[in-house]
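For the first sequence, my numbering gives the first residue as 9, with consecutive numbering after it.
Calculated directly from the structure, the hints in this document are not laboratory data. Just to be clear, a hint being listed does not mean it is correct.
[Claimed, not checked] The calculated lysine-lysine pairs, modelled on DSSO-like cross-linking and capped at a C-alpha distance of 30 Å, are:
#, residue 1, residue 2
1, Lys82, Lys293
2, Lys99, Lys82
3, Lys82, Lys296
4, Lys220, Lys296
5, Lys99, Lys220
6, Lys99, Lys296
7, Lys262, Lys296
8, Lys293, Lys220
9, Lys99, Lys51
10, Lys293, Lys99
11, Lys167, Lys220
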Amino acid sequence: MSGQSFMWNYDAKTKDLLSGIIDDELYIIQNATDPEIIIHSTKQYADTSAFMNFISNYFSLDIDTGTIFPIEFKERYPNIWQLIQPYMATKVLRQAPFEVLVTFMCAQGLGMSVIRRQIESLTREKGILHETVLAGRPFAYHTFPSPEALAASAPERLKLCTNNNCIRANNIIHAAQEVVSGSLDLETLRDPHMPLAEARERLCALPGIGMKIADCILLFGLNRFDAFPIDTHVRQYLSGWFSFGNDFHSLSQKNYLDLQARVCDILSPELAGFAGHILFHCWRKEIKQLNTY
DNA sequence: CTCCAGGACACTT
DNA sequence: AAGTGTCATGGA
Numbered sequence: 009m010s011g012q013s014f015m016w017n018y019d020a021k022t023k024d025l026l027s028g029i030i031d032d033e034l035y036i037i038q039n040a041t042d043p044e045i046i047i048h049s050t051k052q053y054a055d056t057s058a059f060m061n062f063i064s065n066y067f068s069l070d071i072d073t074g075t076i077f078p079i080e081f082k083e084r085y086p087n088i089w090q091l092i093q094p095y096m097a098t099k100v101l102r103q104a105p106f107e108v109l110v111t112f113m114c115a116q117g118l119g120m121s122v123i124r125r126q127i128e129s130l131t132r133e134k135g136i137l138h139e140t141v142l143a144g145r146p147f148a149y150h151t152f153p154s155p156e157a158l159a160a161s162a163p164e165r166l167k168l169c170t171n172n173n174c175i176r177a178n179n180i181i182h183a184a185q186e187v188v189s190g191s192l193d194l195e196t197l198r199d200p201h202m203p204l205a206e207a208r209e210r211l212c213a214l215p216g217i218g219m220k221i222a223d224c225i226l227l228f229g230l231n232r233f234d235a236f237p238i239d240t241h242v243r244q245y246l247s248g249w250f251s252f253g254n255d256f257h258s259l260s261q262k263n264y265l266d267l268q269a270r271v272c273d274i275l276s277p278e279l280a281g282f283a284g285h286i287l288f289h290c291w292r293k294e295i296k297q298l299n300t301y
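Starting from the given sequences, assemble the full structure and let the hints guide the process.
In structure tokens form, the structure reads like this:
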């Protein structure tokens, strides 16, 4: 059997955030009974340290957990600090940019079940089928669709993958075409030298991408841990935990930017999005009692 | 049945 | 600038 296996201790509460296919080559198998994740790769690495480096980067293990929140956070918000402790091991993964771009374009005002179904449908219809052996058993999976595959899709067919929403299908096709033509260069946006505001501006120029989705793409796909997306749940905990109370009126553009500016008072600006991700999952699970990811 | 889900956008006050 | 309707479906 090709490939190598690697064990990683992980917090039992957050481990189920990690499942799926990484870079089309690496798989994660969850063990439901103990807090360990077995990572198995079909790809051959030069040596163990090359594999470890890839894992470390993908799971952002280079980010020291102790630096995610500012030191004064614990003193200012002792109750919240206690509450988030079980979630401190939550990681923001450095996922493939195009995959994240398309995935979050599917995540507008919908439940996670619908979002997940769209992505599964997209990979099944437009991805490439691979068959391999995983943990001694046959395993079939689809790669995430390439920009070329999505760019060449017919809207009336692709909308079957986007919850019957042809506006969304057209937006995804358009974004894919921009990537193929080179007028949207995700690697340029991923460059740390690119100002965050400018990168977001470029993403927002695409139809179907607003501020929130742009910030999600930056945080989860473009290695920008300072990007702080504000969705309905973030707004709730900003109001409930930090008294940023304008929970009642709609999230206008001005309101969105205003909230982001105030977030810098309580979180470290350079890791605000990373910290926000931890707060997000803690809020959903501990306060809202949600178990869906 | 109603309401809301990890929103964006056009349109109306 | 700040409120509405629309898009679409499923699960609570």
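TODO: Compare the distance between the alpha carbons of lysine 82 and lysine 296 with 30 Å, and conclude whether the hinted pair is satisfied.
DONE: 23 Å, holds
Open item on the list: For lysine 167 and lysine 220, compute the direct alpha-carbon distance and say whether it is at most 30 Å.
Closed with: 23 Å, holds
Open item on the list: Does lysine 82 sit within 30 Å of lysine 99, going by the straight-line distance between their CA atoms?
Closed with: Distance of about 20 Å is within 30 Å: holds.
TODO: For the pair supplied as a hint, lysine 99 and lysine 51, confirm whether the alpha-carbon distance does not exceed 30 Å.
DONE: 23 Å, holds
Open item on the list: Tell me if the straight-line CA distance from lysine 220 to lysine 296 falls inside 30 Å.
Closed with: Holds, at roughly 21 Å.
Open item on the list: Next pair to validate is lysine 99 with lysine 220; report whether the Cα-Cα distance is within 30 Å.
Closed with: 20 Å, holds
Open item on the list: Check the hint pairing lysine 82 with lysine 293 against an upper bound of 30 Å on the C-alpha distance.
Closed with: With a Cα-Cα distance of about 21 Å, the restraint between lysine 82 and lysine 293 holds, given a limit of 30 Å.
Open item on the list: Hinted pair, alpha-carbon criterion (30 Å max): lysine 262, lysine 296. Please report holds or violated.
Closed with: 27 Å, holds
Open item on the list: Check the hint pairing lysine 293 with lysine 99 against an upper bound of 30 Å on the C-alpha distance.
Closed with: 16 Å, holds
Open item on the list: Between the alpha carbons of lysine 293 and lysine 220, is the straight-line distance 30 Å or under?
Closed with: Satisfied, since the Cα-Cα distance of roughly 21 Å is no more than 30 Å.
TODO: Starting from lysine 99, check that the Cα of lysine 296 is at most 30 Å away, please.
DONE: 21 Å, holds
Taken one by one, the earlier hints all hold for this structure without exception.
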